[in-house]
Amino acid sequence: MNAKDTLIQMLKHLGFSATVTEQDYDDMLLLDIQAEDSGRLIGRQGQALSELQYLLNRILHKGDDTVPRVMLDVGGYRREAREQLAKRALEMADKVRRHGDVMELEPMNAYERRIVHQALKNDAEIETHSVEVDGSDKKVILLRPRRTAVPVRSPN
Amino acid sequence: MQAFLEFVVGSLVDEPLEVSVKPIERRGVTVYEVRVSPEDAGKVIGRRGSTIQAIRSLLQIGATKSGQRCTVDLVED
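Residue numbers (our numbering), protein chains in the order written: chain U, 1 to 156; chain Y, 157 to 233.
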């Protein structure tokens, strides 16, 4: 059974009749769920959606590692969060550019950090670094002016 | 909810024919007793219990939506 049909089966058994649209996202398969009562499928801070995604991937990768990882969304909820985060990263980059200070984004998981790094990877003036946070799997991201590659001329 | 458990647990294990899900009523709560072959128990539990945790959470969501109360017991005989 493919990813989409497996997801639809799981949802049906939980009492949700849903339609699912497929889309490729980087090297992953993005499945967007449209269902009534969809707030329940998101849960507090997206917790339910994360667990559904985790379980679906466990099922799909059993015995076959070559299947692309599935990322779930509900009615564009994650896409919106993704776009918001990328926008915030760009705004912060502008502040760093104007003031030359190092700035920091709050602790984020790997998925969120990837969004920030991706959003700023082509910025010639700003560099991003992840820094570990004690007692957490999350890391903060530092934004700072890129150290220029121009060779320092010796004073003479 | 039983169909959900049968589908998910059956999809996670190597020996789906060994899977049984038995509903037991206890004071208005349905307890689903799940049994799998001993070799498959780890696949249902997952690393640090993450898989069984996800199964329980999702079951709660389905149960709440349809106004039921239920829990899952993974029985290891």
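Any given hint could be a false lead.
[What the hints assert, rightly or not] Beta-carbon label-pair distances, calculated as ranges:
{"id": "1", "chain 1": "Y", "residue 1": "D229", "chain 2": "U", "residue 2": "Y111", "range": "24 to 34 Å"}
{"id": "2", "chain 1": "U", "residue 1": "P68", "chain 2": "Y", "residue 2": "I180", "range": "36 to 46 Å"}
{"id": "3", "chain 1": "Y", "residue 1": "Q209", "chain 2": "U", "residue 2": "Q23", "range": "22 to 32 Å"}
{"id": "4", "chain 1": "U", "residue 1": "E104", "chain 2": "Y", "residue 2": "R183", "range": "45 to 55 Å"}
{"id": "5", "chain 1": "Y", "residue 1": "P172", "chain 2": "U", "residue 2": "E91", "range": "35 to 45 Å"}
{"id": "6", "chain 1": "Y", "residue 1": "P172", "chain 2": "U", "residue 2": "K12", "range": "29 to 39 Å"}
{"id": "7", "chain 1": "Y", "residue 1": "E171", "chain 2": "U", "residue 2": "R147", "range": "51 to 61 Å"}
{"id": "8", "chain 1": "U", "residue 1": "D134", "chain 2": "Y", "residue 2": "R183", "range": "43 to 53 Å"}
{"id": "9", "chain 1": "Y", "residue 1": "G184", "chain 2": "U", "residue 2": "E83", "range": "42 to 52 Å"}
{"id": "10", "chain 1": "U", "residue 1": "P68", "chain 2": "Y", "residue 2": "E189", "range": "32 to 42 Å"}
{"id": "11", "chain 1": "Y", "residue 1": "G166", "chain 2": "U", "residue 2": "R114", "range": "31 to 41 Å"}
It should be emphasised that the hints constitute simulated quantities derived from the structure, not laboratory data. Yeah, the Cβ is synthetic: ideal placement off N, Cα and C, and Gly gets one too.
### Query
Against which earlier hints does the structure fall short, listed by number upward?
Numbers 5, 6, in rising order.
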